[in-house]
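Undergrad: Fit chain R to the supplied structure of chain Z, relying on the hints for placement.
Protein sequence lines correspond, in order, to chains Z and R. Heads up: the first sequence runs through residues 37 to 122, numbered per our numbering. Heads up: the second sequence runs through residues 244 to 424, numbered per our numbering.
The set of hints was computed from the structure by calculation and includes no laboratory data. Just so it is clear, the structure is predicted and the values come from calculations on it, not from any experiment. Heads up, the beta-carbon is just placed ideally off N, CA and C, and yes, glycines get one too. Any given hint could turn out to be false.
Here are a few chain Z residues that sit away from chain R, every Cβ distance over 12 Å (derived from the structure) [to be verified]:
hint, residue
1, 57
2, 59
3, 60
Okay, the calculated bits of chain Z under chain R, using three or more residues with CB under 8 Å as the criterion [said to hold, decoys possible]:
hint, region
4, 64-78
5, 81-88
6, 91-99
7, 103-114
Label pairs and their in silico Cβ distance ranges [said to hold, decoys possible]:
hint, chain 1, residue 1, chain 2, residue 2, range
8, R, 405, Z, 90, 53 to 61 Å
9, Z, 67, R, 250, 17 to 25 Å
10, Z, 78, R, 266, 17 to 25 Å
11, R, 244, Z, 61, 18 to 26 Å
12, Z, 117, R, 269, 43 to 51 Å
13, R, 247, Z, 105, 42 to 50 Å
14, Z, 106, R, 307, 19 to 27 Å
15, R, 341, Z, 82, 16 to 24 Å
16, Z, 79, R, 296, 54 to 62 Å
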Amino acid sequence: MAVTGPQWAGDAKSGLPPGRPADRRMLLRNWLFGLAVVSLVIAVGFLGWHLARLAAPTVVRWQISVIDARSDAPPRPHLPASPFAR
Amino acid sequence: MRLAVLAVCIMVAAAFGLWRGWTSVTVDPPGPPPVCQLIRPELFDVLVPGHGPLRSEGEEQSMPGTRSNTCLAENTPRMDGARASLWVALVRCGRHDGDGPRCIERDGAMPTALNRVKHRVALGDGAGYVVSGNPVTGQVVNFSACLGTYLVYVRYEAVGATQPATVESATVVAEEVLSWL
Numbered sequence: 037m038a039v040t041g042p043q044w045a046g047d048a049k050s051g052l053p054p055g056r057p058a059d060r061r062m063l064l065r066n067w068l069f070g071l072a073v074v075s076l077v078i079a080v081g082f083l084g085w086h087l088a089r090l091a092a093p094t095v096v097r098w099q100i101s102v103i104d105a106r107s108d109a110p111p112r113p114h115l116p117a118s119p120f121a122r
Numbered sequence: 244m245r246l247a248v249l250a251v252c253i254m255v256a257a258a259f260g261l262w263r264g265w266t267s268v269t270v271d272p273p274g275p276p277p278v279c280q281l282i283r284p285e286l287f288d289v290l291v292p293g294h295g296p297l298r299s300e301g302e303e304q305s306m307p308g309t310r311s312n313t314c315l316a317e318n319t320p321r322m323d324g325a326r327a328s329l330w331v332a333l334v335r336c337g338r339h340d341g342d343g344p345r346c347i348e349r350d351g352a353m354p355t356a357l358n359r360v361k362h363r364v365a366l367g368d369g370a371g372y373v374v375s376g377n378p379v380t381g382q383v384v385n386f387s388a389c390l391g392t393y394l395v396y397v398r399y400e401a402v403g404a405t406q407p408a409t410v411e412s413a414t415v416v417a418e419e420v421l422s423w424l
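Isolated chain Z, as found in the complex (with noise of 0.2 Å):
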């Protein structure tokens, strides 16, 4: 029976022993993609923070005018009787 070794073994990537120039420019390569993402996803998030606020009060009076042209008011009523003379 030939001994093949284990599955990772073959691997040319994952056999490197740790603390190699190229391991160590991938690790930070990684990690400044990472970091570059996390940034990316705040920057994002506080754009969208920011655009909300200033296109809300354009919204909220369309909102306004959709809602009150939609409204229908009740027709003028009589007058009363005086509520003192029942």
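TA: Here is chain R on its own, set in the frame of chain Z:
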């Protein structure tokens, strides 16, 4: 794969930012018309006989995200003890604290009172009133009605009038204001 995850993260962040900004923003609406001018003088004469000059107030008391004005008519007690006071507020709703401009959906638009029966009335988008006091010391009706982005609040106090008459009077005032909007 990485780009797909990045795109999803960015979309979620943008949606969260938009939602947070939208729910926390306060927007004042355009001001409502002066409520004193929306009530016929004859109505004041009937409900508050012999009243003095109408007293209107501007927007000093407006809550954040709303604009309002008020109108007050009062008379002095007659010989038979009859007395009346009518205070009307017209509020227009904007946006504040996550509440939108639709009056009926806002917290606190309808009258609330502990240990009092809240009566509902079919007027506008929703209306209701609470009665307090008694015929001797004075019936007080607090009436609220919503129509679109408007809230009409009527406080009618009458000494020497029956409760049904007081309620009907407050209802007519709210209906009168809503009819102009």
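Undergrad: Under the constraints set out in the numbered hints, which ones does this structure not fulfil?
TA: none
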